[in-house]
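There are 2 protein chains.
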Amino acid sequence: MAPVFGVRPQTIDFNDSIFGCRKRTILGVFILVVQLAVVADPLQGGEPDARYDSIAVRLIETGLRTTEAYDMLKSLTAKAGHRLSGSEGAAAAVELTRQMMKERGFDRIHLEPVMVPRWVRGPREEAIIVREGEGGADLLTVCALGGSVGTGDGGVGGDVVEVRSFDQLHELGQAAHGKIVFFNRPFDRAKLNTFEAYGGAVDQRSRGAIEASKSGAVAVLVRSMTHALDDVPHTGAMGYVDSVRKIPAAAISTLDADYLSNLLKSGTHVTVRLTLSCQTLPDVPSANVVGELTGTEFPNEVIVVGGHLDSWDKGTGAHDDGAGCVQAIEALHLLKTLELRPKRTIRAVMFMNEENGVRGGKGYAVAPERTGEIHVAGVESDRGGFAPRGIAVQADSTILAKVVRWRSFFEKLNAGNIIPGYSGVDISPLVEKGVPGFGLDVENHRYFDYHHSDNDTIDKVNPRELELGAIVEALLCYLIAEEGL
Amino acid sequence: MAPVFGVRPQTIDFNDSIFGCRKRTILGVFILVVQLAVVADPLQGGEPDARYDSIAVRLIETGLRTTEAYDMLKSLTAKAGHRLSGSEGAAAAVELTRQMMKERGFDRIHLEPVMVPRWVRGPREEAIIVREGEGGADLLTVCALGGSVGTGDGGVGGDVVEVRSFDQLHELGQAAHGKIVFFNRPFDRAKLNTFEAYGGAVDQRSRGAIEASKSGAVAVLVRSMTHALDDVPHTGAMGYVDSVRKIPAAAISTLDADYLSNLLKSGTHVTVRLTLSCQTLPDVPSANVVGELTGTEFPNEVIVVGGHLDSWDKGTGAHDDGAGCVQAIEALHLLKTLELRPKRTIRAVMFMNEENGVRGGKGYAVAPERTGEIHVAGVESDRGGFAPRGIAVQADSTILAKVVRWRSFFEKLNAGNIIPGYSGVDISPLVEKGVPGFGLDVENHRYFDYHHSDNDTIDKVNPRELELGAIVEALLCYLIAEEGL
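Just so you know, the sequences run in chain order A and B.
Read left to right, the first sequence gives residues 2 to 486 (our numbering).
Read left to right, the second sequence gives residues 2 to 486 (our numbering).
In isolation and in its complexed conformation, chain A is listed as follows (with noise of 0.2 Å):
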């Protein structure tokens, strides 16, 4: 495709999405406004800042050459493991990513404590279904669901049934009294954005136990929010509230969801024994880990750059979000390499506890810390390290159109999508302060097959869609930092 009058190629889908492909004459027109416009005041018009392409570029070739943000991963997910909350996984990670912002020469390396919840997953996890008629007894794949009360030794049992709304729940009135109700709505698999299949399906995960409560049951078995067909429970967070009894809460596998949910459609009388040794203990202590490029012009002008480092209990959290707290490291360490000191400070924060309690992305926003400190920006990588798209902006259409503005420099790094969007979990306590807040999006077909589950780990992330994410951050802060929003 020709330039046309110096303009960039897509313009010409401009022409042809307003005018259609047949208007000539009034094309005509419109390229001549355009032409007369570029050549009567060259300096505000034509090409953005050839700086930024060169820079978009040699980000590419100092960061695609390396592993550097794999690299990191491993070495987190093989020494720290999963980082529950809480747990000594999470502890190694507050020590090892410190000494990875150390290593790499950041400025102002700190903890910043917060007191963080300690549910703790326990030795047992199990369902027994016992089929009425024919004595035998089978086990399905569950997990606790995270922040679940256990069972104790004995156990909870009840007949099973099968609902895939709450509405369908309080329509059985009585009749789930005693009984364990089975969240079975799948995801919507027509949803291209996979985030909003999980937002559709997730309310069963996370206030399942309080309606079924209400409605008496026992116990309940939520299907595993994902798109994969497989014998994996998916754990995540689930809420009680004060005025109704806190029943225990398991994910089932999809395979085994599947299988119930035929046993019941056959008119077989289901019971099921769940015992879960889950418990929630006194909050111990833990620490977001911070280290910056401080500006050069604008030191107490921050833009912060960051994941959540703490993980569920299965796999090693590898997409989610070991990604995110190693990209916001490597964004900074190719700044560096680069020798780009940003004018405005650019801050790496490994944020803890997204998972069950937001407490580090609460207590960041609200530390003594940020006294005199004026955020310009949060960006968060929390979709999985896949390769990345674009830029989903969480801000009013000036940003916006701003952001926008810089398309071209993104799309050299196949990342030009830019939409208003939510941004991220942990900088969400900044972007309520108006904060304008930006996430990273990804290829994310894949995200919930690993999401909260033993499968997520190092193997599934492919070290340059990786690498990826941390230049397009890179790039994104250091824009912000140089321009300003």
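These are calculated hints, taken from the structure and not from any lab test.
Misleading hints may appear alongside valid ones.
Identical chains share a label here; the pair holds if one copy fits it or two copies do between them.
To be verified - Keeping only pairs whose Cα atoms sit at most 27 Å apart, straight-line, the calculated BS3-like set for lysine-lysine is:
no., residue 1, residue 2
1, K192, K337
2, K75, K461
3, K215, K434
4, K266, K434
5, K192, K75
6, K266, K403
7, K247, K80
8, K403, K413
9, K413, K247
10, K344, K215
11, K75, K103
12, K344, K80
13, K192, K461
Got chain A; can you put chain B on it based on the hints?
Chain B only, in chain A's frame:
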């Protein structure tokens, strides 16, 4: 981002990229012109045909609900296994895909015979490295390159000399005589597009034996064509010319390439004995598999969509190119399911023998069945069954501009990246005759980790990503079938 005067959101970047954000006056004039244009002739301007928007949505909702493409690929790879031209697997694949077309009710299903080369690997491929002075020996992980001559039972022995380019080889002069030349130039990791990295290294595989033989070498070892650092050799086509002696050629895993290189760097004198039992047998009959949705208005105007049915004899060719084959079948199946009977014929072709001869592609273009047919377009998916990014257009600027005007439909499929580029090997004989070619452009960072190796198996394919590629092809074919080019 709020639409301006009903104009699509991306118009905003256009304004900005031309005028700069502060150029409000001229922006005002521009918007006025747009507004007048839209008001002046609403029938010609404004939004593109809402019908295709709706079709894009229906294709997603129909396709992504299923795992049709994946189920076909599972069947193909499990039942046929690898499908090297002339192998039993290739013959089985012809029958399997013909059957898949039958089950889906395609029109005019038939085979178009082609003669294909028959190269067989044989039972032995072995490279033993002997370290001088130590008396030890160890095995390097190698596999014969496709088309290589064998070594005879005794193998071929020689000292190893490493080069990274043909220039380096030629500088060696007589020093390469009687040696085994080890081509060890790695992929340039800094290339964002992995196909560029491949293109920058693959001369070592394709022409290495010719150039080394000219220098009097007795065999070649070629670093595997991959970004991955692992112990899996990657095969692929290599050639000879009649004017120089044909010497054996093998790929060596990247780990062992590094190992061998480090040995040589340390000053160790390294001798290798290479034994390959591969050989080329006489050509055998095979076939392209063809089925279509015959056009309702212009049945002799044809849009071909395909992939290649043959694979290398490592792994099961899941990404290369089982994916492209099942996507073509699924593209037609989706249109049938939605009862979208095209005006022009949309034809799925499973091309035979892309990997080592392109006999299928060449044969299709000149087959007797082509008499009276006009080929409007060729569409190929042969870059792996990964998440689609867009469409590479190998055609003149008028056709490119036409397809770019359809971008908004493809953006609905996360595949709006419509760019000039290469289409596909199998349709290249059509493209050479002036037929516009279209290649499915995909997220390609992982591709060469699997390509032409035992790694290329169904577990590396994500059902949603694969299906989405089929959806993109369905939409592209249908648009061309309805609108022409």
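When no copy is specified for K344 and K80, does a C-alpha distance of 27 Å or less occur within a copy, between copies, both, or neither? Neither: 35 Å inside a chain and 61 Å across chains, both beyond 27 Å.
Go through the copies and call it for K247 and K80: within, between, both or neither, with a Cα cutoff of 27 Å. neither (35 Å within a copy, 51 Å between copies)
Should K266 paired with K434 be assigned to within, between, both, or neither, using CA atoms and 27 Å as the limit? neither (50 Å within a copy, 59 Å between copies)
Using 27 Å as the alpha carbon limit, work out where K75 and K103 are close: within a copy, between copies, both or neither. within (18 Å within a copy, 48 Å between copies)
First find the shortest C-alpha distance between K413 and K247 inside one copy, then the shortest across copies, and answer within, between, both or neither for a cut-off of 27 Å. neither (52 Å within a copy, 43 Å between copies)
Is it within, between, both, or neither for K192 and K461, if the alpha carbons may be no more than 27 Å apart? both (23 Å within a copy, 22 Å between copies)
At most 27 Å between alpha carbons: which applies to K403 and K413, within, between, both or neither? both (18 Å within a copy, 24 Å between copies)
How do K266 and K403 come out at 27 Å by Cα distance, when the copy is not named: within, between, both, or neither? neither (55 Å within a copy, 52 Å between copies)
Within, between, both or neither, where K192 and K337 count as close if Cα-Cα is 27 Å or less: between (40 Å within a copy, 22 Å between copies)
Homomeric proximity label, K215 with K434: Cα distance no greater than 27 Å: neither (35 Å within a copy, 71 Å between copies)
Within, between, both or neither: how does the pair K344, K215 come out at a Cα-Cα threshold of 27 Å? neither (55 Å within a copy, 58 Å between copies)
Checking K75 and K461: alpha-carbon separation at most 27 Å within a copy, between copies, both or neither? Both: 11 Å inside a copy, 20 Å across copies.
Violated hints, listed in ascending order, are 3, 4, 6, 7, 9, 10 and 12; each of the other numbered hints is respected by the structure.
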